[in-house]
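Colleague: So the sequences go chain by chain: E and U. Count the first sequence with my numbering and you get residues 4 to 80, in order. Count the second sequence with my numbering and you get residues 2 to 319, in order.
Hints should not be assumed to be uniformly reliable.
Stated by the list, open to error - The calculated label-pair distances, taken between Cβ atoms and stated as ranges, are:
| # | chain 1 | residue 1 | chain 2 | residue 2 | range |
| --- | --- | --- | --- | --- | --- |
| 1 | U | Gln-293 | E | Asp-36 | 40 to 46 Å |
| 2 | U | Gln-293 | E | Asp-34 | 32 to 38 Å |
| 3 | U | Leu-313 | E | Glu-79 | 43 to 49 Å |
| 4 | U | Gly-102 | E | Asp-36 | 51 to 57 Å |
| 5 | U | Ala-195 | E | Asn-29 | 48 to 54 Å |
As the list claims (entries may be wrong) - Not close to chain E: a few residues of chain U, all C-beta gaps over 12 Å, as computed:
| # | residue |
| --- | --- |
| 6 | Glu-15 |
| 7 | Thr-54 |
| 8 | Tyr-66 |
| 9 | Glu-135 |
| 10 | Gly-193 |
| 11 | Ala-195 |
| 12 | Met-197 |
| 13 | Met-223 |
| 14 | Glu-234 |
| 15 | Gly-258 |
| 16 | Asn-270 |
| 17 | Lys-292 |
| 18 | Leu-312 |
Rather than coming from a laboratory, the hints here were simulated on the basis of the structure. Glycine included, each C-beta is placed from N, C-alpha and C at the ideal position.
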Amino acid sequence: MKNVKVYGTSTCAFCVKLKQFLKDNNVEFEDIDVSQNQERVREMVEKTGQMGVPVIDVEGEIIVGFDRARIMKALEL
Amino acid sequence: MNIKSRTVVDNKMEKVYDLIIVGAGPAGITAAIYAARKKMDCLVLTVDVGGQTAWSGDIENYTGYQFVSGRELTAKFEEHIKKYNVKVKENEAVKELRKEGGKIFVKTEKNTYLSRSLIIASGKKSKELSVPGEKEYKNKGLTYCATCDGPLFEGKEVVVVGGGNSALDAALQLIRIAKKVYVMNISDKLAGDAVMRDKLESADNVTVINNAEVIEILGRKMVEGLRYRIGDEEKELPAGGVFVEIGLVPNSEFTRGIDKNKQGEILVNSITETNVPGIFAAGDVTDVIEKQIIIAAGEGAKAALKAFRYLLETEEDI
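Excised from the complex, chain E in its bound form:
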């Protein structure tokens, strides 16, 4: 079971899509809403050096944006 974190906002369409995609594939993940949570924004910025969402952290492998192919590879799906 891989440790997966998703940084996103509730208004971003791709964040919602990514989370749905993970649910559809039975992948458990920590759903981190960075909306109005500057601590979590800082955490995300430190990991990625940038502020775009969604960000998925698959056991330290960081992928910015809903890059389906890369994410599937990282999750070994």
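The hints should help you fit chain U onto chain E, whose structure is shown.
Modeller: Frame of chain E, contents of chain U only:
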């Protein structure tokens, strides 16, 4: 409809679709639904599903939905197309297309596809400022999507660059989130709908700076502000976020040989025909007079129905 669905190309049997649709925003998806219902063998090639709709904020003028978010409406579109047996290939941008021997060759970064007809519904993308620092700070505090990224700037002072509806829309979203919102506009007054202008003017954390031209984006690891010219003076404005909302440009770079206007929009007639028989276009990528989700959807439907008629008319020729 797919009697002649294979053809010989370079001594290999290649599949020929009835219709390829480039783009999966409201125009592309609606076209795909209509094509599927006409039992056309259809392929959709797109970078993303939803297009500009996905990053729109609040939509109050899509008939039937008095109020819906861009995200929700996009989800509805996606749900609708999933009902039909249409292949939608995402993350696949079209790079080139050409018509040869009655067939249309559509080249992406991954593959080349063949089709008897084509609908270009690739929409528009954000216009860039083209100033130093813009590329460096993209996603490091500079963004083109207030809907997506606004919430990350809570409590900060931010600048929205632009003066039309997109800029007003962004500013209105940000006044609820940011500590302070500057609207930096190159013209002498804000354009955009009166309803939005009024809402903005009545907010207490907004300052509009007119006649101002952004000349550089500043920062260290992340954005820290921008430099702008106002009259003869150059000034700096500190800001924790820069939202670029200066307009849109059509995604039409891959459409060589298809007539466009000065802005790069594909020229179409009222039945979505371009100058190339068999190639149709719909939505914001065209010169359709108004750019609205509901208009794009309507144009997409027209294009699919026109493509269907075109195929019936040309069936004997292939």
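Colleague: Does each hint fit the structure? Answer for all of them.
Modeller: Now for the hints, and whether the structure bears them out:
1. U:Gln-293 / E:Asp-36: 40 to 46 Å: violated (31 Å)
2. U:Gln-293 / E:Asp-34: 32 to 38 Å: Because 34 Å falls inside the window, the suggested range holds.
3. U:Leu-313 / E:Glu-79: 43 to 49 Å: Check passed, 48 Å falls within 43 to 49 Å.
4. U:Gly-102 / E:Asp-36: 51 to 57 Å: holds (54 Å)
5. U:Ala-195 / E:Asn-29: 48 to 54 Å: 50 Å Cβ-Cβ, so the 48 to 54 Å window holds.
6. Glu-15: Label holds. Min Cβ-Cβ 24 Å, cutoff 12 Å.
7. Thr-54: violated (8 Å)
8. Tyr-66: For Tyr-66 of chain U, whose nearest Cβ neighbour in chain E is about 16 Å away, the distance exceeds 12 Å, so it holds.
9. Glu-135: Given a closest Cβ separation of 14 Å, the condition holds.
10. Gly-193: holds (21 Å)
11. Ala-195: Non-interface label stands for Ala-195 of chain U: nearest chain E Cβ at 25 Å, farther than 12 Å.
12. Met-197: holds (18 Å)
13. Met-223: Nearest chain E Cβ is 7 Å from Met-223 of chain U, so the label is violated.
14. Glu-234: It holds; Glu-234 of chain U is separated from chain E by about 30 Å at its closest Cβ, greater than 12 Å.
15. Gly-258: Holds: least Cβ distance 31 Å, greater than 12 Å.
16. Asn-270: holds (33 Å)
17. Lys-292: holds (19 Å)
18. Leu-312: Leu-312 of chain U clear of chain E: closest Cβ-Cβ about 32 Å, beyond 12 Å.
Consistency note: the structure conflicts with the earlier hints numbered 1, 7 and 13.
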